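Undergrad: Turn these sequences into a full structure, and let the hints steer you where they fit.
Chains as they are written, first to last, in numbering that gives the first Met the number 0: chain A, 0 to 566; chain B, 0 to 566.
Watch out, some of these pointers could steer you wrong.
[To be verified] Computed footprint of chain B on chain A, listed as stretches where at least three residues anywhere in the stretch have a Cβ under 8 Å from a Cβ of chain B:
(1) 167-173
(2) 179-186
(3) 436-445
(4) 498-512
These are computed hints drawn from the structure, not numbers from a lab.
Source: prediction; values computed, not measured.
C-beta: ideal position from N, C-alpha, C; glycine also.
There are 2 protein chains.
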Amino acid sequence: MHQKRVWLRAERRRFLDRVVPNLFPHPRMMNCGWDRGVQNEPVVKRRDLLALIGTIAGSSAMYHAMTSLGFASESAYRGPPRLAGDPRGASVLILGAGLAGMTAALELRKAGYKVQVLEFNNRAGGRNWTIRGGDTVVELGGFTQKCQFEQGLYINPGPWRIPYHHHALLDYCRRLNVTLEPFIQLNHNAYLHATRAFDGAPQRIRSIKADFQGQLSELLAKVTQQGKLDEAITKEDREILLQSLRAWGALDRDYRYNANLISAAFRGYARDPGGGLTAAPVPGEPVALSEILRSRLWRYLQAFSLYNFQTTMFQPVGGMDMIGKAFAREVGDVIRYNAKVTQIRQNGSGVTVSYVDTANPSAVQQATADWCICTIPLSILSQLAIDVSAPLRNAIDALPYAGAVKIGLQFKRRFWEEDEAIYGGISFTDLPIRQISYPSYGFNRAGRGILLGAYLFEGANAYEFTAMTPSERVASAVEFGAMIHPQYKAEFETGVAVAWHRVPFTLGCSGEWTDAGRAQHYRNLCQIDGRIVLAGEHVSHLPAWQEGAILSSLDAIARLHERVVKT
Amino acid sequence: MHQKRVWLRAERRRFLDRVVPNLFPHPRMMNCGWDRGVQNEPVVKRRDLLALIGTIAGSSAMYHAMTSLGFASESAYRGPPRLAGDPRGASVLILGAGLAGMTAALELRKAGYKVQVLEFNNRAGGRNWTIRGGDTVVELGGFTQKCQFEQGLYINPGPWRIPYHHHALLDYCRRLNVTLEPFIQLNHNAYLHATRAFDGAPQRIRSIKADFQGQLSELLAKVTQQGKLDEAITKEDREILLQSLRAWGALDRDYRYNANLISAAFRGYARDPGGGLTAAPVPGEPVALSEILRSRLWRYLQAFSLYNFQTTMFQPVGGMDMIGKAFAREVGDVIRYNAKVTQIRQNGSGVTVSYVDTANPSAVQQATADWCICTIPLSILSQLAIDVSAPLRNAIDALPYAGAVKIGLQFKRRFWEEDEAIYGGISFTDLPIRQISYPSYGFNRAGRGILLGAYLFEGANAYEFTAMTPSERVASAVEFGAMIHPQYKAEFETGVAVAWHRVPFTLGCSGEWTDAGRAQHYRNLCQIDGRIVLAGEHVSHLPAWQEGAILSSLDAIARLHERVVKT
Numbered sequence: 000m001h002q003k004r005v006w007l008r009a010e011r012r013r014f015l016d017r018v019v020p021n022l023f024p025h026p027r028m029m030n031c032g033w034d035r036g037v038q039n040e041p042v043v044k045r046r047d048l049l050a051l052i053g054t055i056a057g058s059s060a061m062y063h064a065m066t067s068l069g070f071a072s073e074s075a076y077r078g079p080p081r082l083a084g085d086p087r088g089a090s091v092l093i094l095g096a097g098l099a100g101m102t103a104a105l106e107l108r109k110a111g112y113k114v115q116v117l118e119f120n121n122r123a124g125g126r127n128w129t130i131r132g133g134d135t136v137v138e139l140g141g142f143t144q145k146c147q148f149e150q151g152l153y154i155n156p157g158p159w160r161i162p163y164h165h166h167a168l169l170d171y172c173r174r175l176n177v178t179l180e181p182f183i184q185l186n187h188n189a190y191l192h193a194t195r196a197f198d199g200a201p202q203r204i205r206s207i208k209a210d211f212q213g214q215l216s217e218l219l220a221k222v223t224q225q226g227k228l229d230e231a232i233t234k235e236d237r238e239i240l241l242q243s244l245r246a247w248g249a250l251d252r253d254y255r256y257n258a259n260l261i262s263a264a265f266r267g268y269a270r271d272p273g274g275g276l277t278a279a280p281v282p283g284e285p286v287a288l289s290e291i292l293r294s295r296l297w298r299y300l301q302a303f304s305l306y307n308f309q310t311t312m313f314q315p316v317g318g319m320d321m322i323g324k325a326f327a328r329e330v331g332d333v334i335r336y337n338a339k340v341t342q343i344r345q346n347g348s349g350v351t352v353s354y355v356d357t358a359n360p361s362a363v364q365q366a367t368a369d370w371c372i373c374t375i376p377l378s379i380l381s382q383l384a385i386d387v388s389a390p391l392r393n394a395i396d397a398l399p400y401a402g403a404v405k406i407g408l409q410f411k412r413r414f415w416e417e418d419e420a421i422y423g424g425i426s427f428t429d430l431p432i433r434q435i436s437y438p439s440y441g442f443n444r445a446g447r448g449i450l451l452g453a454y455l456f457e458g459a460n461a462y463e464f465t466a467m468t469p470s471e472r473v474a475s476a477v478e479f480g481a482m483i484h485p486q487y488k489a490e491f492e493t494g495v496a497v498a499w500h501r502v503p504f505t506l507g508c509s510g511e512w513t514d515a516g517r518a519q520h521y522r523n524l525c526q527i528d529g530r531i532v533l534a535g536e537h538v539s540h541l542p543a544w545q546e547g548a549i550l551s552s553l554d555a556i557a558r559l560h561e562r563v564v565k566t
Numbered sequence: 000m001h002q003k004r005v006w007l008r009a010e011r012r013r014f015l016d017r018v019v020p021n022l023f024p025h026p027r028m029m030n031c032g033w034d035r036g037v038q039n040e041p042v043v044k045r046r047d048l049l050a051l052i053g054t055i056a057g058s059s060a061m062y063h064a065m066t067s068l069g070f071a072s073e074s075a076y077r078g079p080p081r082l083a084g085d086p087r088g089a090s091v092l093i094l095g096a097g098l099a100g101m102t103a104a105l106e107l108r109k110a111g112y113k114v115q116v117l118e119f120n121n122r123a124g125g126r127n128w129t130i131r132g133g134d135t136v137v138e139l140g141g142f143t144q145k146c147q148f149e150q151g152l153y154i155n156p157g158p159w160r161i162p163y164h165h166h167a168l169l170d171y172c173r174r175l176n177v178t179l180e181p182f183i184q185l186n187h188n189a190y191l192h193a194t195r196a197f198d199g200a201p202q203r204i205r206s207i208k209a210d211f212q213g214q215l216s217e218l219l220a221k222v223t224q225q226g227k228l229d230e231a232i233t234k235e236d237r238e239i240l241l242q243s244l245r246a247w248g249a250l251d252r253d254y255r256y257n258a259n260l261i262s263a264a265f266r267g268y269a270r271d272p273g274g275g276l277t278a279a280p281v282p283g284e285p286v287a288l289s290e291i292l293r294s295r296l297w298r299y300l301q302a303f304s305l306y307n308f309q310t311t312m313f314q315p316v317g318g319m320d321m322i323g324k325a326f327a328r329e330v331g332d333v334i335r336y337n338a339k340v341t342q343i344r345q346n347g348s349g350v351t352v353s354y355v356d357t358a359n360p361s362a363v364q365q366a367t368a369d370w371c372i373c374t375i376p377l378s379i380l381s382q383l384a385i386d387v388s389a390p391l392r393n394a395i396d397a398l399p400y401a402g403a404v405k406i407g408l409q410f411k412r413r414f415w416e417e418d419e420a421i422y423g424g425i426s427f428t429d430l431p432i433r434q435i436s437y438p439s440y441g442f443n444r445a446g447r448g449i450l451l452g453a454y455l456f457e458g459a460n461a462y463e464f465t466a467m468t469p470s471e472r473v474a475s476a477v478e479f480g481a482m483i484h485p486q487y488k489a490e491f492e493t494g495v496a497v498a499w500h501r502v503p504f505t506l507g508c509s510g511e512w513t514d515a516g517r518a519q520h521y522r523n524l525c526q527i528d529g530r531i532v533l534a535g536e537h538v539s540h541l542p543a544w545q546e547g548a549i550l551s552s553l554d555a556i557a558r559l560h561e562r563v564v565k566t
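TA: Written as structure tokens, this is what we have:
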């Protein structure tokens with residue numbers, strides 16, 4: 000068991016080192032729980048029941064039983080917690096009105112607690128945040144941006160997409176009436192771009208994907224026909240394998256991937272089929288495998304296949320902050336805004352938190368409660384005086400926070416749609432901007448549009464852009480982006496740039512766990528320490544995801560409630 | 000050249016025979032122009048310019064020049080036609096108020112023609128059609144269904160999705176203010192189902208896809224390492240190939256595809272990562288390659304990659320008929336509804352069309368014009384008296400129409416989302432229903448929902464279902480669907496079934512070209528015959544697609560106008 004865990008850890012490190020930096024919008028967002036081995040299932044009795052059904056009726060019946068027991072889901076989430084038992088007037092002070100804090104406020108009040116929330120910002124949501132025209136964005140270093148976006152257009156500087164398997168977040172959206180729409184992660188017609196390949200010309204994802212997959216299939220079909228796979232595969236499977244390679248790779252009758260209307264049906268045409276006498280289709284010439292290999296564009300082909308970025312992804316209609324606003328409709332009455340926490344004290348009977356009003360920082364105020372749920376990012380919390388045990392203190396001090404920079408650019412027209420038929424999705428590049436993401440709202444509409452002109456994470460580029468002024472960042476994003484979309488220069492109007500290491504309420508975009516750090520500190524970070532318990536994405540196996548914040552909060556309040564009821 | 004064409008034709012036939020029936024929602028929809036070889040480009044001068052720029056400045060500059068010339072698009076569509084020249088009061092009678100007919104009406108009236116339209120139905124749109132609660136669906140054979148769907152829910156019995164490269168249709172949507180939303184074709188969490196594999200239990204697309212791709216990559220990596228590819232690939236490429244296979248196949252350091260957190264990041268987990276102390280992720284066990292091969296589930300894996308079904312696809316918000324209604328807002332004043340054409344006569348000076356009011360079929364009426372654009376499906380037109388030359392007459396008689404059956408089912412709740420986290424997309428099965436498609440609207444909402452419970456096309460099953468009464472079709476779809484979703488039985492409420500061979504205004508879903516048929520008849524079908532020219536999806540290289548209808552219409556009116564102006 001321990002050996003397996005060590006192996007997994009080493010494996011993960013290798014994978015992250017080699018593959019992930021090339022592949023993912025944000026490595027830490029892609030899974031984040033790889034450091035822990037197999038845990039025991041807490042559901043042995045139900046499992047036995049299912050095994051019994053399976054034995055009696057065959058596995059199809061078992062599947063049906065699983066489904067009807069609501070069991071096919073791989074998530075531990077089973078709806079909002081049932082906090083049975085009377086808290087007998089207990090009070091809870093929650094620090095931070097992000098999704099973790101507001102989830103706790105919502106559920107604890109429902110269970111009978113007295114709840115108050117202290118929030119640094121003048122709005123709820125925390126990193127659940129949308130920037131619109133008229134908004135002011137303040138960063139450390141004296142940078143203040145006044146957003147000039149046209150009304151109805153926006154950018155989500157923090158979380159911007161929701162996977163279908165984030166069951167808790169989706170359930171809260173359902174219960175709080177947040178309307179969702181698809182977020183387009185994969186767009187076959189978006190670009191892959193490498194500065195040193197194809198003379199810098201961006202390539203359509205569809206062509207590179209079809210050509211790569213087709214030529215790999217051709218190679219494998221060739222060795223299969225040559226009998227070179229005979230140890231690895233039975234004679235019966237050999238024939239089916241060849242059939243499958245023809246379908247999978249768009250190969251011709253001779254198992255070759257060529258310029259013809261078979262490959263064109265996947266990679267696209269030099270000339271599309273049309274109507275009347277105007278257009279019979281014309282296939283294009285595939286890109287040679289060697290060229291694709293050397294371009295390294297294959298590094299981006301699997302991004303959309305990751306469990307975290309698979310279809311169907313969502314975004315709230317109108318901006319990600321619709322979720323924060325929906326929570327605030329429920330619990331806004333117990334939130335005190337503009338409250339900057341300066342000190343957290345506890346003793347055997349309760350918690351006392353000192354804070355100042357951000358508009359009047361000299362007058363220290365105090366809030367007290369029986370219990371405290373602290374969702375303050377560790378980047379901030381590690382700088383505060385807090386009464387906790389050494390293991391928790393060490394955990395708080397140990398976690399670094401990732402940097403990330405997002406830049407929203409407004410253009411006079413949606414040229415990516417009008418000129419290039421790119422509707423949503425992401426173009427990937429090895430330029431410092433890393434990716435250009437096209438909006439998943441307002442499709443096919445005339446008029447202005449905003450795209451995400453850069454999303455930098457980790458590495459030197461993120462630090463470099465963080466060091467720039469916001470207007471320098473925007474100007475750089477326009478310069479680099481113009482290498483992919485020449486229309487940039489003529490169409491650009493205004494931009495907003497957020498460098499998360501400079502954002503006063505988080506000083507980073509998310510907790511950045513290493514395997515070693517998690518092994519040493521994670522469980523300590525989760526423990527109820529006297530009368531204080533932590534929650535937030537940093538206290539989860541889903542760092543940087545809103546689902547992690549909510550699940551960590553639900554886990555924390557369930558354990559806290561158990562203690563309160565037993566006390 | 001001729002040889003190449005013959006080869007392409009043979010190739011296509013083989014591809015269609017072997018691969019396509021398993022792969023595609025509707026084979027004829029997937030491309031449909033494969034029978035024709037390479038045509039000459041009509042844009043030689045621009046090409047020369049580009050070549051010049053390319054020579055001088057390198058291909059990156061050439062790409063930029065192409066983009067700024069609006070030239071990167073592979074479509075022939077360049078905006079609505081500019082019909083220069085005065086038609087001097089010429090009149091045009093258009094038969095059929097589908098998208099082809101209404102496009103012609105819109106553009107010809109704008110160009111100065113007198114336009115009238117005769118339409119069989121009591122609504123515009125034709126196959127651009129949405130069925131809602133309260134609608135009546137009439138089929139040949141005496142079948143009348145009264146749709147019982149809840150208000151706000153609908154099914155599109157005809158076209159239901161719009162590819163991003165259908166430039167003309169998208170342009171009309173933009174100009175006519177039809178709001179679009181994404182249509183989800185690929186959902187990684189939907190199912191693949193084979194009755195004789197996995198004891199009938201449906202498999203998640205994500206797992207089969209990751210396991211198939213991973214194990215193919217492992218096989219190819221193995222022979223690469225063993226030096227068995229040395230003829231096919233250089234030593235330098237060999238190392239990059241191995242790197243690419245590791246990324247593409249989610250292989251471990253030893254180039255193996257195994258149960259670990261690397262493969263789980265693509266195929267999904269036995270247990271998802273969670274928050275706090277609740278859930279460290281647990282990988283699941285991959286399905287062996289041999290099992291996947293024998294299940295034939297690989298047949299469905301590429302459907303979403305086809306150019307015609309690639310992201311980003313669209314549907315109009317509120318139903319496909321929003322497009323027909325938008326056209327009708329423009330040209331509805333010249334449409335005469337409930338007009339059944341019975342005869343089409345022409346002489347040197349004009350066209351006379353006889354028709355009856357469908358409510359009063361005994362009184363024959365006549366409409367006359369200088370010219371006629373006939374969009375009546377050939378399945379109907381071949382039964383009418385029409386004055387045309389023998390080649391056109393033969394073409395009209397030669398084209399068979401495809402059958403297709405679509406069945407919409409309303410359920411008490413959206414169990415596919417609530418229980419199974421399937422939001423939009425398609426599950427494929429070898430059951431007669433062929434596919435279940437989940438709605439791409441109303442995501443994550445409580446309450447009732449409608450899914451497409453069957454989409455049968457060609458083959459024995461389509462005929463079998465066409466022969467049934469509508470209520471038998473619905474009952475069968477529920478029976479078969481329950482083998483994939485056991486919730487069907489308890490949740491089903493009401494359904495609607497449309498068998499296109501029985502639909503009075505088309506007698507089939509679309510023109511079904513063969514290579515031989517197209518070679519013999521297509522050009523004849525396109526020709527202006529005296530004062531009559533045909534338009535519609537059947538007069539295009541995009542049969543069954545709305546884009547084909549519009550492009551054929553634009554081509555026909557451009558040629559007609561040229562003749563009118565020159566006359």
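Undergrad: Can you name, in rising order, the numbers of the hints this structure does not satisfy?
TA: Hint check: 4 fails alone, others pass.
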